[in-house]
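Number of protein chains: 2
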Amino acid sequence: MQEYIDFIRSLYPDKGALPLHEPAFGKMEEELVVDCVRSTFVSTVGKYVDEMERMVVDFTGIPYAVAIVNGTQALYLALLLAGVKAGDLVITQSLSFVATSNAIRYCGADPAFVDVDNNTMGLSPESLREFLGGCQRDANGWTHIASGRRIAAIVPMHTLGHVCQIGEIARIARESDIPLVEDAAESLGSREGETHTGSHGIMGTLSFNGNKVITTGGGGMIVTSNEALAKKAKHLSTTAKVPHPYEFMHDSVGYNFRMPNLNAALGVAQMRRLPSLLEGQRYVADQYREFFAGRSDVTFFTGRDGLGSTSNFWLNCLLFEDLPARNAFLEMTNKQKMFTRAMWKPLHTLPMFFECPRTDVPVTMDFYNRAVHCPATVPGRFVIEA
Amino acid sequence: MQEYIDFIRSLYPDKGALPLHEPAFGKMEEELVVDCVRSTFVSTVGKYVDEMERMVVDFTGIPYAVAIVNGTQALYLALLLAGVKAGDLVITQSLSFVATSNAIRYCGADPAFVDVDNNTMGLSPESLREFLGGCQRDANGWTHIASGRRIAAIVPMHTLGHVCQIGEIARIARESDIPLVEDAAESLGSREGETHTGSHGIMGTLSFNGNKVITTGGGGMIVTSNEALAKKAKHLSTTAKVPHPYEFMHDSVGYNFRMPNLNAALGVAQMRRLPSLLEGQRYVADQYREFFAGRSDVTFFTGRDGLGSTSNFWLNCLLFEDLPARNAFLEMTNKQKMFTRAMWKPLHTLPMFFECPRTDVPVTMDFYNRAVHCPATVPGRFVIEA
Chain P
61 MQEYIDFIRS
71 LYPDKGALPL
81 HEPAFGKMEE
91 ELVVDCVRST
101 FVSTVGKYVD
111 EMERMVVDFT
121 GIPYAVAIVN
131 GTQALYLALL
141 LAGVKAGDLV
151 ITQSLSFVAT
161 SNAIRYCGAD
171 PAFVDVDNNT
181 MGLSPESLRE
191 FLGGCQRDAN
201 GWTHIASGRR
211 IAAIVPMHTL
221 GHVCQIGEIA
231 RIARESDIPL
241 VEDAAESLGS
251 REGETHTGSH
261 GIMGTLSFNG
271 NKVITTGGGG
281 MIVTSNEALA
291 KKAKHLSTTA
301 KVPHPYEFMH
311 DSVGYNFRMP
321 NLNAALGVAQ
331 MRRLPSLLEG
341 QRYVADQYRE
351 FFAGRSDVTF
361 FTGRDGLGST
371 SNFWLNCLLF
381 EDLPARNAFL
391 EMTNKQKMFT
401 RAMWKPLHTL
411 PMFFECPRTD
421 VPVTMDFYNR
431 AVHCPATVPG
441 RFVIEA
Chain Z
61 MQEYIDFIRS
71 LYPDKGALPL
81 HEPAFGKMEE
91 ELVVDCVRST
101 FVSTVGKYVD
111 EMERMVVDFT
121 GIPYAVAIVN
131 GTQALYLALL
141 LAGVKAGDLV
151 ITQSLSFVAT
161 SNAIRYCGAD
171 PAFVDVDNNT
181 MGLSPESLRE
191 FLGGCQRDAN
201 GWTHIASGRR
211 IAAIVPMHTL
221 GHVCQIGEIA
231 RIARESDIPL
241 VEDAAESLGS
251 REGETHTGSH
261 GIMGTLSFNG
271 NKVITTGGGG
281 MIVTSNEALA
291 KKAKHLSTTA
301 KVPHPYEFMH
311 DSVGYNFRMP
321 NLNAALGVAQ
331 MRRLPSLLEG
341 QRYVADQYRE
351 FFAGRSDVTF
361 FTGRDGLGST
371 SNFWLNCLLF
381 EDLPARNAFL
391 EMTNKQKMFT
401 RAMWKPLHTL
411 PMFFECPRTD
421 VPVTMDFYNR
431 AVHCPATVPG
441 RFVIEA
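Heads up: the protein sequence lines correspond to chains P and Z, in order. When we follow our numbering, the leftmost residue of the first sequence carries the number 61, and every step to the right adds one. When we follow our numbering, the leftmost residue of the second sequence carries the number 61, and every step to the right adds one.
If we strip away everything but chain P, and leave its shape as in the complex, we get:
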């Protein structure tokens, strides 16, 4: 396994400790945050929020974007707007970062877990159909028979930036008339055909946390083709204040969820270099793909990249033969200050989600037992100034 470690290290000849992912900044980021501080508009008002929203619209081709304080709150607000209510169930995958299911719980709802599929690591359409087989539809929508609870939404997540079977999932959601909200926190730059992730349901959500392809420190976004939903997201994320020159009137329970202008200033600089950063992510992934091709003891996971979809390769994922091999690699790398990570502990095994309804999830457990998240930091030469 030392050979694998040496290979990964060879991609970053200048680095000692090697993080899983690291922001790529240059002069432009410094200039824009300084400009923002000088303007004094660092908070709830300022041009950078608007500019970053426009840039995300241009890049993704999704007509509306609403900047939010982070990706978790973006998903929470999107679920509220999708009509998720206390007591509901929201179908999602067990193989995800905990934020996906936390956001569901913030609504007072529970996740209902289905499996992921082998080809994508994302929500499995077959498993989704299996779960819906235990539900019945009437004039009021879908009810989970065993629990008597309403099915309020379907939330697939594009794991590590690999596009799930979103076309098939969107078809099931449409035919079932269940709102589809795409958790695209990890998939900025990932597309199904030419269509950006986050655009297949009624809303999608992005994350700009420090470990993502681009970062605003903390930040996220709701993207949607629905103008009314976008307006409502903006209204609710800015305390639901009714415009007035000097009176403070709010027409519903609102949220302090707007991305501060300071963070958006960093985000504008990051959006400018996004195409170059995605090239860098792909360059690194291509090196992994070539190096690990044809090996029998380890597989580099590439999802459906090049097979109808494009992955952003946010993190690079190696699949080992079994849990002992995966653990051995995790131990070796971390001892050598190469900070690899295991796959997230499947959410249905966490104490707060243990009793949530679910299908069998053998593929989820197989990925958890065998996967290691490996460094995908963009090499310095891709961090060009705009």
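Treat the hints as calculated values from the structure; they're not laboratory data. One thing to keep in mind: the hints can contain errors.
Remember, identical chains collapse to one label, so a pair may be satisfied in a single copy or spanning two.
As the list claims (entries may be wrong) - Within a straight-line C-alpha distance of at most 27 angstroms, the following computed DSS-like cross-link-like pairs (lysine-lysine) qualify:
id : residue 1 : residue 2
1  : K301      : K87
2  : K107      : K87
3  : K145      : K291
With chain P's structure known, arrange chain Z on it following the hints.
Relative to chain P, chain Z alone:
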């Protein structure tokens, strides 16, 4: 009234449009945000969060501080930690920014509104006693008789930075054994005797929004003397992750509520100049106090400042004779680009809180009808470099 406008303008001879409050930045803020960007630690990890927490502990004398993404989420998390549950009532004042009651609603609880008192604009101990008179106590705590709902907490707010009757309120809370959480969003620098606001109950919360005495763009903090609560606040605000070198395990529903390091970098610079900014706030308030002394048609509100407590005079508040006079001043000032504001519409009159239990609130309505929030921006000469 033009005389009053001319006076306020005279405090800022260099300014055209005059905002209600404006951040005070210098080279130090630019240097620290640039240092933060260069470090690449702009997000969930980094030294500035720890440093800002230490500085708030030193400044307030409150033993523990946990940096949060904004003041609203800080209050929400504090209420969760205080044990507020769905269906509960939380006693608070109707005269507050909407965030106070929104945070209560996020818990699934409802605000129960009491009046403010004439001397402080903060929660009235008499009105609190009146409300508790309609409640009964048994082994499980307090129940509001009319609704049958549990009283889970008391949340006073130090309006515009004037310290409420917090000693008396804390005594009632202690005797009643109801958790006291202080909303000190507006009162950084305000003290009861020598004791900083936010330290009288089990937890207090601060805000560093762009309109506050100091700002982190968006940000807030939970302060407490209780180490266990502080540790739990840190754990829950950082996704409740259990420490492990490479496994992702979370032991409860957690939140992505940590203040990003980028915002904390700005906050560290702001904390360094806080004493000087508070001097500036006081200088401006002193000018108001002198100018408006002895006038019959308008009063400059000073709370109990100098009478056992110290106000930070976050915003300066003029009280006119009646609603028409207040409206006339609001119209005149805003037309002349002096951006004064009315007092927040009392929360019990907003549609989402209209049916919440409450006492009569005549003082709240009187303040709302007569108060105008006036500029309190710190003059440039107080913005010295450290």
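Hints that the structure is at odds with (numbers, increasing): 1
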